[in-house]
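Asker: The residues making up each chain are set out below.
Number of protein chains: 2
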Amino acid sequence: MRNILMTVSYDGTNYFGFQTQPDGNTVQDYLESAIAGLTGEIVKIHGSGRTDAGVHAREQPFHFQTNSQIPIERWRLALNGRLPSDIRVITAKEVPLSFHSRRSAKQKTYRYTINGNRIPDVFQRHYQTHHPGHLDVEGMREGISLLTGTHDYTSFASRHSTKASHVRTIYHAWIEVDHSPANSGSDEQGVIHIYMTGNGFLQHMVRIIVGTLLQVGEGKRQPQDMKRVLEARDRAAAGPTAESKGLMLWKVEYEDAILMD
Amino acid sequence: MRNILMTVSYDGTNYFGFQTQPDGNTVQDYLESAIAGLTGEIVKIHGSGRTDAGVHAREQPFHFQTNSQIPIERWRLALNGRLPSDIRVITAKEVPLSFHSRRSAKQKTYRYTINGNRIPDVFQRHYQTHHPGHLDVEGMREGISLLTGTHDYTSFASRHSTKASHVRTIYHAWIEVDHSPANSGSDEQGVIHIYMTGNGFLQHMVRIIVGTLLQVGEGKRQPQDMKRVLEARDRAAAGPTAESKGLMLWKVEYEDAILMD
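In order, the protein sequences belong to chains C and B.
One point on numbering: in full-length UniProt numbering, the residue at position 252 of the first sequence is 252, and numbering is uninterrupted.
One point on numbering: in full-length UniProt numbering, the residue at position 172 of the second sequence is 172, and numbering is uninterrupted.
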């Protein structure tokens with residue numbers, strides 16, 4: 001029995017998220033079907049986490065166990081030949097049987113992207129939320145800085161969360177503004193990327209944080225209000241859930257020792 | 001009567017090019033329909049040039065004449081509200097009646113993008129040709145440098161070209177390699193952007209130049225062969241037409257004096 005770790009990038013626009021669910025059409029379904037087609041085995045893959053419908057991922061890890069003897073360097077191209085063009089296996093390696101893509105993960109980073117220019121970018125339209133109104137980015141920076149650390153993030157979790165504990169740690173959270181797009185003149189806000197690195201994120205957590213932060217940006221909340229929302233431990237205290245298309249699973253990191261060949 | 005100059009960006013994936021044609025589904029059709037809906041006038045717009053089916057454009061200029069009194073600053077948002085999300089009007093200004101978006105153009109730049117990494121980039125899949133095999137980029141640089149200047153480009157024009165003269169001038173042609181994408185490791189070729197600036201381009205000209213240049217990159221032709229192909233004035237001497245999705249109209253420039261307010 002071999003334990004195989006792969007990473008997969010996908011444009012989530014046309015999928016109901018990563019993880020298998022009753023209505024089908026998930027990234028996991030396509031990956032398992034491609035693996036079955038290649039090996040003849042029915043395998044169950046384990047992702048480093050779930051993603052919501054319409055959310056994207058850049059090199060999301062997943063692992064599975066197989067009896068197949070196909071050399072590791074052949075898997076990537078063989079699977080990509082069986083996958084739709086908006087799902088691509090990027091890396092493949094054999095790992096110790098003890099490795100688990102979710103439980104072994106040290107930290108994850110998500111990126112949420114807001115196009116603050118007056119006109120949306122047609123080439124990035126599936127990967128950005130368009131918000132042409134004025135945003136106080138410095139206020140948003142101050143607001144998000146109040147969310148780092150170890151906290152109960154119930155206020156920023158879906159009411160449908162089934163986790164026993166809502167305590168998580170956000171190690172870093174930061175905002176970068178990119179003025180490079182072609183239609184981003186000097187009087188435009190540019191493209192705002194919000195990054196969060198943590199040991200785990202609850203259902204909708206990044207999107208609810210962003211939805212609340214947008215209210216800070218719009219001047220509807222004070223930056224300091226983020227702390228009050230956090231302490232309320234009540235979903236009703238936070239803002240709306242930002243739309244899924246702006247969200248991308250950006251990076252999942254493991255202890256180097258686990259992955260040593 | 002007012003003369004209005006606009007620029008439009010579009011993802012050409014789902015269109016049969018810019019210019020109206022019998023089968024419909026062109027960018028021009030959608031723009032004219034949006035203008036008609038806004039003003040009640042049937043107008044004919046004039047693009048700075050054609051683009052092939054599947055080719056993209058970043059701020060392509062077009063102009064039209066109208067009796068509408070709608071203030072210039074309102075046009076952009078009003079039209080975008082009537083256009084599909086993969087077509088966006090970026091700028092709008094009033095120009096002298098003598099201005100013509102094609103005839104007044106000083107130079108145009110096209111960009112052709114080749115992803116040379118082993119795995120395509122899912123987020124750029126509609127805007128890049130994937131070519132994972134080894135490419136001799138220095139050879140391609142040498143080859144393309146032989147095409148600049150004023151020449152008869154018949155070898156690099158579609159056999160269906162209806163132009164009386166195939167003499168054009170390429171002012172500059174250059175290649176940039178971007179190693180920044182996430183799945184572009186140190187052993188990967190990166191993303192290769194080929195730029196060409198000229199006073200005009202014949203039908204399929206950029207794509208045939210790129211298709212021939214790829215043969216240089218693959219070692220099937222010598223860089224110096226580009227000069228022989230050019231001098232042949234025969235389409236059969238050149239390589240295949242590179243696929244349309246990698247091509248983007250990058251920039252159209254006018255004499256500043258023409259556009260002075």
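Honestly, the hints are just simulated from the structure, not real lab data.
Careful: at least some of the hints might be erroneous.
[What the hints assert, rightly or not] Interface residues of chain C toward chain B, partial, derived using beta-carbon atoms under 10 Å:
#1 I42
#2 V43
#3 R58
#4 A78
#5 N80
#6 D121
#7 F123
#8 Q124
#9 L202
#10 E243
#11 S244
[Stated by the list, open to error] From the derived model, a few chain C residues whose C-beta atoms are all more than 12 Å from chain B:
#12 S9
#13 N25
#14 A34
#15 G37
#16 R50
#17 T91
#18 L97
#19 N117
#20 P120
#21 H126
#22 T150
Beta carbons are placed, not taken as given, at the ideal position from N, Cα and C, and that holds for glycine.
Asker: State for each hint whether it applies.
Answerer: Here is what the structure says about each hint:
At a threshold of 10 Å, the smallest CB-CB gap from C:I42 to chain B is about 26 Å, leaving the interface hint violated. The criterion of a C-beta within 10 Å of any C-beta in chain B is not met by C:V43, whose closest approach is roughly 21 Å, and the hint is violated. At a threshold of 10 Å, the smallest CB-CB gap from C:R58 to chain B is about 5 Å, leaving the interface hint in force. For C:A78, the shortest C-beta to C-beta distance to chain B is roughly 12 Å, which exceeds 10 Å, and the interface hint is violated.
Annotation: C:N80 was flagged as interfacial toward chain B, and the flag holds, the nearest CB pair being 7 Å apart, inside 10 Å. Because the smallest distance between the Cβ of C:D121 and any Cβ of chain B comes to about 8 Å, under 10 Å, the interface hint for this residue holds. Because the smallest distance between the Cβ of C:F123 and any Cβ of chain B comes to about 6 Å, under 10 Å, the interface hint for this residue holds. Interface restraint check: C:Q124 against chain B, minimum CB-CB distance 8 Å, threshold 10 Å, status holds.
Checking C:L202 against chain B by beta carbon gives a least distance of about 25 Å; that is not within 10 Å, so the hint is violated. A cut of 10 Å between beta carbons decides the hint on C:E243: the least distance to chain B is about 14 Å, and the hint is violated. With 10 Å as the threshold, the beta carbon of C:S244 stays out of range of chain B, its nearest partner Cβ sitting at about 15 Å, so the hint is violated. Consistency note on C:S9: stated as away from chain B, yet its beta-carbon is not over 12 Å from all of that chain's, at 5 Å minimum.
Every Cβ of chain B is farther than 12 Å from the Cβ of C:N25; the closest lies at roughly 17 Å, confirming the non-interface assignment. Taking the minimum C-beta to C-beta distance to chain B, about 14 Å, the non-interface status of C:A34 holds against the 12 Å cut. For C:G37, the requirement that its beta carbon stay farther than 12 Å from each beta carbon of chain B is met, with the minimum near 19 Å. Against chain B, the non-interface label of C:R50 holds: every CB pair exceeds 12 Å, the least being about 19 Å.
With a minimum CB-CB distance of about 8 Å to chain B, C:T91 fails to clear the 12 Å threshold, and the non-interface call is violated. The Cβ of C:L97 sits about 27 Å from the closest Cβ of chain B, beyond the 12 Å cut-off, so the non-interface label holds. For C:N117, the shortest C-beta to C-beta distance to chain B comes to about 10 Å, within the 12 Å cut-off, and the non-interface label is violated. Listed as outside the interface, C:P120 is inconsistent with that label: its C-beta sits roughly 6 Å from the nearest C-beta of chain B, within the 12 Å cut-off.
Taking the minimum C-beta to C-beta distance to chain B, about 8 Å, the non-interface status of C:H126 is violated against the 12 Å cut. Remark: the non-interface label on C:T150 is consistent with the geometry, its nearest Cβ contact in chain B lying 29 Å away (cut-off 12 Å).
Hints 1, 2, 4, 9, 10, 11, 12, 17, 19, 20, 21, counting from the list given before, are not met by this structure.
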